[in-house]
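Put chain B on the given structure of chain A with help from the hints.
Protein sequence lines, in the order shown, are assigned to chains A and B.
First residue of the first sequence: 1, per my numbering; consecutive thereafter.
First residue of the second sequence: 1001, per my numbering; consecutive thereafter.
A few of these clues could be false.
[As the list claims (entries may be wrong)] In the DSSO-like style, the derived pairs of lysine-lysine whose C-alpha atoms are separated by at most 27 Å in a straight line are:
1. B:1194 with B:1256
2. A:2 with B:1290
3. A:2 with B:1203
4. A:243 with B:1055
5. A:374 with A:361
6. A:357 with A:381
7. A:309 with A:275
8. A:381 with A:275
9. B:1202 with A:226
10. B:1235 with A:226
11. B:1055 with A:215
12. A:6 with B:1285
13. B:1256 with B:1235
14. A:215 with A:270
15. B:1290 with A:6
16. B:1265 with A:243
17. B:1056 with B:1285
18. A:226 with B:1203
[Claimed, not checked] Quick list of simulated restraints, FRET-style, between CB atoms:
19. B:1273 with A:14: 31 to 41 Å
20. B:1276 with A:325: 36 to 46 Å
21. B:1055 with A:265: 32 to 42 Å
22. A:6 with B:1280: 15 to 25 Å
23. A:254 with B:1157: 33 to 43 Å
24. B:1014 with A:254: 36 to 46 Å
25. A:14 with B:1055: 15 to 25 Å
26. A:301 with B:1277: 51 to 61 Å
27. B:1273 with A:187: 51 to 61 Å
28. A:14 with B:1285: 21 to 31 Å
29. B:1266 with A:187: 43 to 53 Å
[Stated by the list, open to error] Residues from chain A that face chain B, not an exhaustive set, calculated with beta carbons under 10 Å:
30. 78
31. 79
32. 100
33. 229
34. 381
Just so you know, the hints here were simulated from the structure itself, not pulled from any lab data.
Quick reminder that beta carbons are idealized off the backbone N, C-alpha and C, glycines included.
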Amino acid sequence: MKADPKGVLTGAIFIDGDHACAEGAIAAGCRFVAGYPITPSTEVVERIAERFPYIGGIFVQMEDEIASSIAIQGAVWAGKKAMTVTSGPGFSLMMEHIGLSAMTETPCVFVDVQRGGPSTGLPTLPGQADMMQARWGSHGDYGIIALCPNSPQECFDLTIKAFNLSEQYRVPVLLMMDECVGHMTERVFIPPAEEIDLYPRRYYEGNIEDYLPFKPDSDLVPPIVKAGDGYHIHVTGLTHDEKGYPVMTPVAQEKLVHRLVDKIRLNADKIVEYKEDEIEGAEVVVITYGITSRVAIPAIEQARKEGIKVGHFRLIVAWPFPEKRIREIAEKVKTFVVPEINYGQIVLEVERHSAGKARVKLVPHGGGSVHNPKDIYNTIKKSLEG
Amino acid sequence: MEENLAEIDESIPPNTVEEFLRMDRIPHIWCPGCGIGTTVNCFANALAQSQLDLKKVAVVSGIGCTGRVAGYINLDSFHTTHGRAIPFATGLKLANPELKVVVYSGDGDLTAIGGNHLIHAARRNVDLTVILINNFIYGMTGGQVAPTTPVSATASTTPYGNFEDPFNIPHLAASCGAVYVARWTAYHVRHVTKSIKEALMKKGFSLIEILAPCPTLYSRRNKLGDGLDQMIYYKENSEIRNDADTKTLGLTFQGKIIVGKFVDKDQPTYLDRMNEYYSSKFGNKFVPYKG
Chain A
1 MKADPKGVLT GAIFIDGDHA CAEGAIAAGC RFVAGYPITP STEVVERIAE
51 RFPYIGGIFV QMEDEIASSI AIQGAVWAGK KAMTVTSGPG FSLMMEHIGL
101 SAMTETPCVF VDVQRGGPST GLPTLPGQAD MMQARWGSHG DYGIIALCPN
151 SPQECFDLTI KAFNLSEQYR VPVLLMMDEC VGHMTERVFI PPAEEIDLYP
201 RRYYEGNIED YLPFKPDSDL VPPIVKAGDG YHIHVTGLTH DEKGYPVMTP
251 VAQEKLVHRL VDKIRLNADK IVEYKEDEIE GAEVVVITYG ITSRVAIPAI
301 EQARKEGIKV GHFRLIVAWP FPEKRIREIA EKVKTFVVPE INYGQIVLEV
351 ERHSAGKARV KLVPHGGGSV HNPKDIYNTI KKSLEG
Chain B
1001 MEENLAEIDE SIPPNTVEEF LRMDRIPHIW CPGCGIGTTV NCFANALAQS
1051 QLDLKKVAVV SGIGCTGRVA GYINLDSFHT THGRAIPFAT GLKLANPELK
1101 VVVYSGDGDL TAIGGNHLIH AARRNVDLTV ILINNFIYGM TGGQVAPTTP
1151 VSATASTTPY GNFEDPFNIP HLAASCGAVY VARWTAYHVR HVTKSIKEAL
1201 MKKGFSLIEI LAPCPTLYSR RNKLGDGLDQ MIYYKENSEI RNDADTKTLG
1251 LTFQGKIIVG KFVDKDQPTY LDRMNEYYSS KFGNKFVPYK G
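Isolated chain A (complex conformation) (with noise of 0.2 Å):
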């Protein structure tokens, strides 16, 4: 389907990515949206609560982000497309529920704004250290969809995309964005609405008695229904059978957990993106996504000028993980150079899917702004010595 004229800015804007995402939001049908104030994600709801009143949305400014988090849970089951906002601090009171929507298979979506932490760390400074959080941060297992964007037009992009992956999949999808890229003002595109492809929610056309809640489709996903059609759905976070009913078993748990996870790992290659330059013939690549996929280009245009074969790919979607990719990429090069503002997580994934076939190397920051290309570049450097 396509997108709803009535809320697309149609045309080039200067806005910053933060704002960006909100039309990314609007244009994707998203007219419920619940947030409690945190910077550096606070625009994102400015500009959903100025916009709201005029297209037919409703914006609450809930009490904390727990229940921010949770109130568009709802919304959902009442049949609307539903996202939050937040960063750091409230990322971290909203892990509950981000296993409620994956638990309950609720599509919805959840955007942070990163910036240095632990804790308090640093309100208004960038940092990607929420990434292992954004995979893992719920107990128990479950699959999600992670997405970062790089640019305000990307904000715009992907928020869209997120929307789509979440009702494809019924799945909670993160956006996760840095400070950088949500305070960065550029020139963002907003294609015509009928340029913009929505996924639709994947409503269950059979009779009303065969109807089971929670029986999968073929690709693992089951389809959705709404309150208030007759279908008097129960739909709860304990374990449970096709019925939505809870059945405490290991048998209950193995059915229904293992699919929550294969719904994301077996659907993995429709899902990854990244964007590949240079990798052909390159002794070194350079992995990186977010704000330090921009950072890392001067670094990687000197040690090429200097006859250094360097490749660059960047993660657009990071969970799912680009493993088979990662696998096949590091039987051929020498070495993998990650530069991520936090002291390790994504390499993590790098290193397990490299499985001793290429080195790979770190470029850690703390926090509090981008990496010195400089620091890159020395990186890609000495990664070749010895």
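Relative to chain A, chain B alone:
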């Protein structure tokens, strides 16, 4: 003999509550003498009397013994996370204002871990009906002290008795802006039914506190006998005082219980206020929100 068992005894009237229950999930998990099932009976009767379209009624529960209610009610029902039934219900209601949304949960769930959401939903006057079962204890986890445990009552985490003051729940709800506030006990089945029906018909944030026996973990540990003994206590110590000043409604250990309807007023709901405010602000540029 077996053939006789299969026959329907015409002298037993049909159970009118059954159509409101997920009979394929019965027997339920509640202990003999527990008061929660009694309140569910009242709720089902209130629903029947209310003539509401059952397609449009949803029940949202948190976690705990009362949290299991959502799982037994044959309506759209949501068993959410601990303490968060109200914000889930807020999302459900605001996203589709046609739904009648009932929050059915316990004292620990709604006033301890969920206390923040309770006060803010009352403040916003979100159109929700909250049925709060107060058994003075965390039943599901084994009888720990709650923000409702009376002073001197023993709980598993207050082995020498509780010294913290409990919440006065009707006063809390009323002072935060609830438009309908009542308290009853599981003994007062007719009053409970009537009160739930009134609350279902009410627009805005309604709260009914229902005291209910927990014979397994509260009565036994406090040497108060079984469920029946607790019902006798309710019967002998309750005083109906409608419109009582909510300040006077604090509960003490095995003391007097003031029951009744304390607040019943009309006030615009969250959505009424939003639509009214934006309409006055933006005129016809504003699209009144209908879900």
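Hint check:
1. Distance restraint check for residue 1194 (chain B) and residue 1256 (chain B): the Cα-Cα separation of roughly 22 Å lies within the 27 Å cut-off, and the hinted pair is therefore satisfied.
2. For the suggested pair residue 2 (chain A) and residue 1290 (chain B), the alpha carbons sit about 23 Å apart, so the restraint of at most 27 Å is met.
3. With a CA separation close to 37 Å, the supplied pair residue 2 (chain A) and residue 1203 (chain B) exceeds the 27 Å bound.
4. As the CA atoms of residue 243 (chain A) and residue 1055 (chain B) are separated by approximately 18 Å, the hinted pair is consistent with the 27 Å bound.
5. Between residue 374 (chain A) and residue 361 (chain A) the CA atoms are separated by roughly 15 Å; this keeps the pair inside 27 Å, and the hint holds.
6. Under the criterion of a C-alpha separation no larger than 27 Å, the hint pairing residue 357 (chain A) with residue 381 (chain A) is consistent with the structure, at around 19 Å.
7. A threshold of 27 Å between alpha carbons decides the hint, and for residue 309 (chain A) with residue 275 (chain A) the separation of about 17 Å falls inside it, so the pair holds.
8. This hinted pair checks out: residue 381 (chain A) and residue 275 (chain A) have alpha carbons roughly 23 Å apart, not beyond 27 Å.
9. Note on residue 1202 (chain B) and residue 226 (chain A): the hinted pairing holds, with a Cα-Cα distance of about 24 Å set against a maximum of 27 Å.
10. Note on residue 1235 (chain B) and residue 226 (chain A): the hinted pairing is violated, with a Cα-Cα distance of about 43 Å set against a maximum of 27 Å.
11. Between residue 1055 (chain B) and residue 215 (chain A) the alpha-carbon distance is near 22 Å, which keeps this suggested pair within the 27 Å criterion.
12. A C-alpha spacing of about 13 Å is found between residue 6 (chain A) and residue 1285 (chain B), which places the hinted pair at or below 27 Å, so the restraint holds.
13. A hinted pair counts as satisfied when its Cα atoms are at most 27 Å apart, and residue 1256 (chain B) with residue 1235 (chain B) qualifies at roughly 10 Å.
14. Of the pairs offered as hints, the one joining residue 215 (chain A) and residue 270 (chain A) holds, with about 22 Å between alpha carbons and a cut-off of 27 Å not exceeded.
15. The straight-line distance between the Cα atoms of residue 1290 (chain B) and residue 6 (chain A) is roughly 17 Å, inside the 27 Å bound, and the hint therefore holds.
16. The straight-line distance between the Cα atoms of residue 1265 (chain B) and residue 243 (chain A) is roughly 41 Å, outside the 27 Å bound, and the hint therefore fails.
17. About 30 Å separates the Cα atoms of residue 1056 (chain B) and residue 1285 (chain B), which puts this hinted pair outside 27 Å; it is violated.
18. For the given pair, residue 226 (chain A) sits about 23 Å from residue 1203 (chain B) by alpha-carbon distance, which is consistent with the 27 Å threshold.
19. Remark: the range hint 31 to 41 Å for residue 1273 (chain B) to residue 14 (chain A) is upheld by a beta-carbon distance near 35 Å.
20. Between residue 1276 (chain B) and residue 325 (chain A) the beta carbons are some 55 Å apart, a value that contradicts the proposed interval 36 to 46 Å.
21. Take residue 1055 (chain B) and residue 265 (chain A): their Cβ atoms lie about 37 Å apart, and the range 32 to 42 Å holds.
22. Against the hinted window of 15 to 25 Å, the Cβ-Cβ separation of residue 6 (chain A) and residue 1280 (chain B) comes to about 23 Å, which satisfies the hint.
23. Checked against the hint of 33 to 43 Å, the C-beta distance between residue 254 (chain A) and residue 1157 (chain B) comes to roughly 34 Å, which is consistent with it.
24. In this structure the hint that residue 1014 (chain B) and residue 254 (chain A) lie 36 to 46 Å apart at CB holds, the actual value being about 40 Å.
25. Here the CB-CB span from residue 14 (chain A) to residue 1055 (chain B) is close to 48 Å, at odds with the stated 15 to 25 Å.
26. Between residue 301 (chain A) and residue 1277 (chain B) the C-beta distance comes to about 54 Å, which sits within the given range of 51 to 61 Å.
27. At about 39 Å, the CB distance of residue 1273 (chain B) to residue 187 (chain A) disagrees with the hint of 51 to 61 Å.
28. As the Cβ distance of residue 14 (chain A) to residue 1285 (chain B) is approximately 25 Å, the hint placing it in 21 to 31 Å holds.
29. For the hinted restraint 43 to 53 Å between residue 1266 (chain B) and residue 187 (chain A), the CB-CB distance of approximately 52 Å keeps it satisfied.
30. Interface restraint check for residue 78 (chain A): the shortest CB-CB distance to chain B comes to about 4 Å, inside 10 Å, so the restraint holds.
31. Because the closest C-beta pair between residue 79 (chain A) and chain B is about 6 Å apart, less than 10 Å, the hint holds.
32. Among the interface hints, the one on residue 100 (chain A) holds; its C-beta lies about 6 Å from the nearest C-beta in chain B, closer than the 10 Å criterion.
33. Checking residue 229 (chain A) against chain B: minimum C-beta separation of about 7 Å stays under 10 Å; hint holds.
34. Hint on residue 381 (chain A) is violated. Least Cβ distance to chain B is approximately 50 Å, over the 10 Å limit.
Against the hints set out earlier in the document, violations occur for numbers 3, 10, 16, 17, 20, 25, 27 and 34.
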